[in-house]
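Going by this note's numbering, the letters in the sequence shown line up with residues 4 to 172, in that order.
Since the hints were derived computationally from the structure, they do not count as laboratory data. Worth double-checking, as some hints may not be accurate.
The calculated lysine to any residue pairs, modelled on SDA-like cross-linking and capped at a C-alpha distance of 25 Å, are [as the list claims (entries may be wrong)]:
1. Lys93 <-> Arg150
2. Lys135 <-> Tyr115
3. Lys120 <-> Asn74
4. Lys120 <-> Thr136
5. Lys93 <-> Gly143
6. Lys120 <-> Ser130
7. Lys93 <-> Cys107
8. Lys120 <-> Gly40
9. Lys120 <-> Leu36
10. Lys159 <-> Val145
11. Lys93 <-> Gln148
12. Lys93 <-> Met78
13. Lys93 <-> Thr108
14. Lys120 <-> Arg85
15. Lys159 <-> Asn111
16. Lys93 <-> Thr62
17. Lys168 <-> Leu125
18. Lys93 <-> Ser149
19. Lys168 <-> Ser130
20. Lys168 <-> Glu132
21. Lys135 <-> Thr62
22. Lys135 <-> Thr80
23. Lys120 <-> Val131
24. Lys159 <-> Ser44
25. Lys168 <-> Cys32
26. Lys159 <-> Thr116
27. Lys93 <-> Cys32
28. Lys135 <-> Asp163
29. Lys93 <-> Asp163
As the structure is a computational prediction, the values presented were derived from the model and not from experiment.
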Amino acid sequence: MMARLLGATKPVVLMAGIVMATAAAQAACPIELAVYGDVQSGGEIDFTPTGTSAVVTNTFRLILDNNVVLNGIVMWTADVARPNGALMYKCPEGDVTGEELAACTLWNGVIYTSDDKGTVGLLPAESVEAPKTLILPDLGPVLRQSRAYGGGGFSKVPSDVFAMKGCQE
4 MMARLLGATK PVVLMAGIVM ATAAAQAACP IELAVYGDVQ SGGEIDFTPT GTSAVVTNTF
64 RLILDNNVVL NGIVMWTADV ARPNGALMYK CPEGDVTGEE LAACTLWNGV IYTSDDKGTV
124 GLLPAESVEA PKTLILPDLG PVLRQSRAYG GGGFSKVPSD VFAMKGCQE
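Please construct the entire structure, taking both the sequences and the accompanying hints into account.
This is how it looks when you write it as structure tokens:
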């Protein structure tokens with residue numbers, strides 16, 4: 004009888020091990036490989052390694068419905084250290100003027116994070132564990148007013164909060 008009970012616990016122990024390994028893998032995800040999702044629109048933020056930029060600390064994409072992709076970067080400000088994010092749409096390639104860059108930038112602002120306890124922080128640079136939640140203040144209202152919304156653009160407006168969905172390999 005005891006052997007039968009112990010044999011029955013093997014699947015439970017195995018399943019618990021799988022759940023713990025999955026949680027550990029997600030917890031060990033560096034920010035440059037993190038994937039976040041928005042429940043409201045189905046939008047997704049995918050971070051990618053930045054490389055050797057002297058000023059850009061993070062690179063990401065916001066993927067919206069209708070295959071609309073906004074390219075994002077984060078640069079920390081010098082005076083008061085803040086991760087200033089920008090989302091751009093259909094920017095010209097190569098050297099661009101400040102006017103051209105301003106015209107294709109749909110959103111910019113400080114990117115905040117939140118953990119499981121609700122503690123709010125600032126988006127970390129690369130090689131740091133990815134936070135559980137991203138907060139991009141006023142993202143939804145600003146994007147609703149952008150040239151990428153409606154017509155041939157996206158139709159589902161994201162909220163300002165994105166939860167971690169996983170980690171890219």
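Here is how each hint holds up against the structure:
no.	hint	in the structure
1	Lys93 <-> Arg150	holds (10 Å)
2	Lys135 <-> Tyr115	holds (11 Å)
3	Lys120 <-> Asn74	violated (30 Å)
4	Lys120 <-> Thr136	holds (11 Å)
5	Lys93 <-> Gly143	holds (19 Å)
6	Lys120 <-> Ser130	holds (22 Å)
7	Lys93 <-> Cys107	holds (6 Å)
8	Lys120 <-> Gly40	holds (19 Å)
9	Lys120 <-> Leu36	holds (23 Å)
10	Lys159 <-> Val145	holds (13 Å)
11	Lys93 <-> Gln148	holds (16 Å)
12	Lys93 <-> Met78	holds (20 Å)
13	Lys93 <-> Thr108	holds (9 Å)
14	Lys120 <-> Arg85	holds (22 Å)
15	Lys159 <-> Asn111	holds (19 Å)
16	Lys93 <-> Thr62	holds (16 Å)
17	Lys168 <-> Leu125	holds (19 Å)
18	Lys93 <-> Ser149	holds (12 Å)
19	Lys168 <-> Ser130	holds (18 Å)
20	Lys168 <-> Glu132	holds (14 Å)
21	Lys135 <-> Thr62	holds (18 Å)
22	Lys135 <-> Thr80	holds (23 Å)
23	Lys120 <-> Val131	holds (19 Å)
24	Lys159 <-> Ser44	holds (5 Å)
25	Lys168 <-> Cys32	holds (11 Å)
26	Lys159 <-> Thr116	holds (23 Å)
27	Lys93 <-> Cys32	violated (30 Å)
28	Lys135 <-> Asp163	holds (14 Å)
29	Lys93 <-> Asp163	holds (22 Å)
In summary, the numbered hints that this structure violates are 3, 27.
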